[in-house]
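Student: This is what each chain is made of:
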Amino acid sequence: MRIRMTSLSLVHVDGRAALDDVSLRVPSGQFCVVLGPSGAGKSSLLGVIGGSLAPTAGAVWLDDAPAGLVAHGRARPAIGQIHQSLALVRQSSAAENIMAGAAGRMAVWRAATGLYPAWAKERAVRLHLALGLDGNDISRSVSALSGGQQQRVAIARALMGEPDVLLADEPVSSLDSVTSRQVLDVIRERQRTCGMTVVCALHQPELAREYADRVVVMEAGRIVFDGAPGDYPVRAVRQAAA
Amino acid sequence: MTVAVAFPRRFGWRHAVFSVLALALLATSAVRMDIGRLVRQVTDVVLAPVGLGGDAPGSQALGEMIARLVPIQVSDRQAISAIPGFDAANLPLFTRIETTRETVREIDPATLEPVAIDRSTTWLVHPFGYVLQVADEMLETVEIAVWGTLLAIALAMPLALAGARPLAAGKAVRGAARGLSALLRAVPELLSALFLVAAFGFGPAAGILALGLHAAGYLGRTIADAIEDADQRPIRAVQAMGAGALVSFRLAIWPQVRAPFVSAAFYILDRNVRAATVVGLVGAGGIGQELKGRMDMFEYGHVGTILIAIFLVVVLLDRIAMRLRQTSHIHS
Chain A
402 MRIRMTSLSL VHVDGRAALD DVSLRVPSGQ FCVVLGPSGA GKSSLLGVIG GSLAPTAGAV
462 WLDDAPAGLV AHGRARPAIG QIHQSLALVR QSSAAENIMA GAAGRMAVWR AATGLYPAWA
522 KERAVRLHLA LGLDGNDISR SVSALSGGQQ QRVAIARALM GEPDVLLADE PVSSLDSVTS
582 RQVLDVIRER QRTCGMTVVC ALHQPELARE YADRVVVMEA GRIVFDGAPG DYPVRAVRQA
642 AA
Chain B
3 MTVAVAFPRR FGWRHAVFSV LALALLATSA VRMDIGRLVR QVTDVVLAPV GLGGDAPGSQ
63 ALGEMIARLV PIQVSDRQAI SAIPGFDAAN LPLFTRIETT RETVREIDPA TLEPVAIDRS
123 TTWLVHPFGY VLQVADEMLE TVEIAVWGTL LAIALAMPLA LAGARPLAAG KAVRGAARGL
183 SALLRAVPEL LSALFLVAAF GFGPAAGILA LGLHAAGYLG RTIADAIEDA DQRPIRAVQA
243 MGAGALVSFR LAIWPQVRAP FVSAAFYILD RNVRAATVVG LVGAGGIGQE LKGRMDMFEY
303 GHVGTILIAI FLVVVLLDRI AMRLRQTSHI HS
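Same order as they appear, the protein sequences are chains A and B. Under this note's numbering, the residue at position 44 of the first sequence is numbered 445, and the numbers go up by one with no gaps. Under this note's numbering, the residue at position 301 of the second sequence is numbered 303, and the numbers go up by one with no gaps.
Excised from the complex, chain A in its bound form (with noise of 0.2 Å):
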């Protein structure tokens, strides 16, 4: 699926700009990653194309079709999300979170008595294993798992729903060098092989220069870099990123 921003801004209601004037495209199936120090626009971007935040000017397009607010009644299943703040449950399974990211494509009755489909419990249960957490922990609540597994579980639930384009927002913020890659290395494979588009805010250079096909900078709301990841200097975008 691709994504299509034109003259994007964002004023806040206290009148921080949090975009400014940002146009960008996003071809099918790219892993893109977006840069910049806190403050910068990078949630901002990602809430907008999410439907989470209406611009105050400019328009989202997906696959050439206008993107309007999901709090309109227009939800996206084929978008996943993880969120920085994660938005899981914390009182309900690591397993009920997963399955919520299904929770658009399986029958209405079956995600309301929770008599899932075998399917959608199957990939739950690999998806889950996948991003290396452990087995046991599947039928925890979330409140009793730590940052960074709670992290991951956020990824499951955003993979869940097998969407074409995957918004995340500093999605291994919380993990170590080890786990990060691994759960890129997750992202990276659907992105590969279903033709995934990623767009995905990351603090980490090294992590952007291995994975990103591109890699954006934002500074104060304005692209200031846009182009293939050995094309930007390390220092430069160690700083962006600070």
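None of these hints come from the bench; they were simulated from the model. Please note: incorrect hints may appear among the correct ones.
Stated by the list, open to error - Calculated from the model, a selection of chain A residues having no Cβ within reach of chain B, i.e. all distances over 12 Å: (1) A501; (2) F626; (3) G628.
To be verified - Computed footprint of chain B on chain A, listed as stretches where at least three residues anywhere in the stretch have a Cβ under 8 Å from a Cβ of chain B: (4) 451-460; (5) 481-489; (6) 504-511.
Every residue gets a Cβ at the ideal spot worked out from N, C-alpha and C, and that includes glycine.
Chain B: place on chain A using the hints.
Tutor: For chain B alone, kept in the frame of chain A given last:
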């Protein structure tokens, strides 16, 4: 180094004005409510048993009343003459026969003079008859409370869903649901039981309705508040992934409100058991009817048995509720 940003002030002039107004209101109300006398009397009652404090008629009256509750009534008896077809050779299990003799003064119809007559009565005694009767009526009270709680849950769920901002179909619907909850809550069980007994007659039906309607108002608001207080981010996340209203309720809202719901439902059940005894006083079934009758006849031994039964059931339910709440938290 000069710090340009000041630490936020904890208290301001608004707090001071509010505190002064609140204290003035309380002081005025204390005079109207005669709080001084209340404090003196309670102090006397508390200190009298240890020999301190002044004359405490309240303490004396309370002590006498409590003393009359013991010995509690355990057995029950029936005059054999009032049992049709009584067969002394085949006594019911655990029963025995007792004969009492008493001297009563009656008017001799011939002389119109009072005369002393020795009267003998034979009784069939059930050793635990009254305890079993109270247990049966207590069971009826608990059943009224359980059905009242189920009715409250059935009425409260739609009220809560319609009255919670994230789910309400509009401001008008939310306002109507919240208003109805407030109305139900505002009518005390005892008051509605009086009307319902008149409408449905004596018995448990009026009690169940009275308890259910009042508790539905409380539960409806509590659950609606819990839904509004729930973390909205997972709800939005699940909705964004294509879940409709029912599925997002089941996957993202219900897990968050389950614990407060279970707590509130058990609080309602616990409260309903006690309230069921009160509505019984006006004829809405259960132990309350028995309690009222015994108090009216000054049979304080019977009252003692009933109060112990109520206490035991409330403690037992509290233990069960605590266990179930723990189980609910573990599984949530």
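Student: Please go over all the hints and tell whether each is borne out by the structure.
Tutor: A quick look at each hint next to the structure:
Not every CB of chain B lies more than 12 Å from the CB of A:A501, the least distance being 5 Å, so the non-interface label is violated. No Cβ of chain B comes within 12 Å of the Cβ of A:F626; the nearest lies about 29 Å off, and the non-interface call holds. With a least beta-carbon separation of about 30 Å from chain B, A:G628 lies farther than 12 Å from that chain, consistent with its non-interface assignment. Beta-carbon proximity to chain B at under 8 Å applies to 3 residues in the stretch 451-460 of chain A; the threshold of 3 is reached and the given coverage holds.
Proximity of the stretch 481-489 of chain A to chain B, defined as three or more residues with a beta carbon under 8 Å from a beta carbon of that chain, is established by the 6 residues found. Chain B is given as covering the stretch 504-511 of chain A, and this holds because 4 residues of the stretch bring a CB closer than 8 Å to a CB of that chain, at least three being needed.
Hint check: a violation occurs at hint 1 only; the rest are consistent with the structure.
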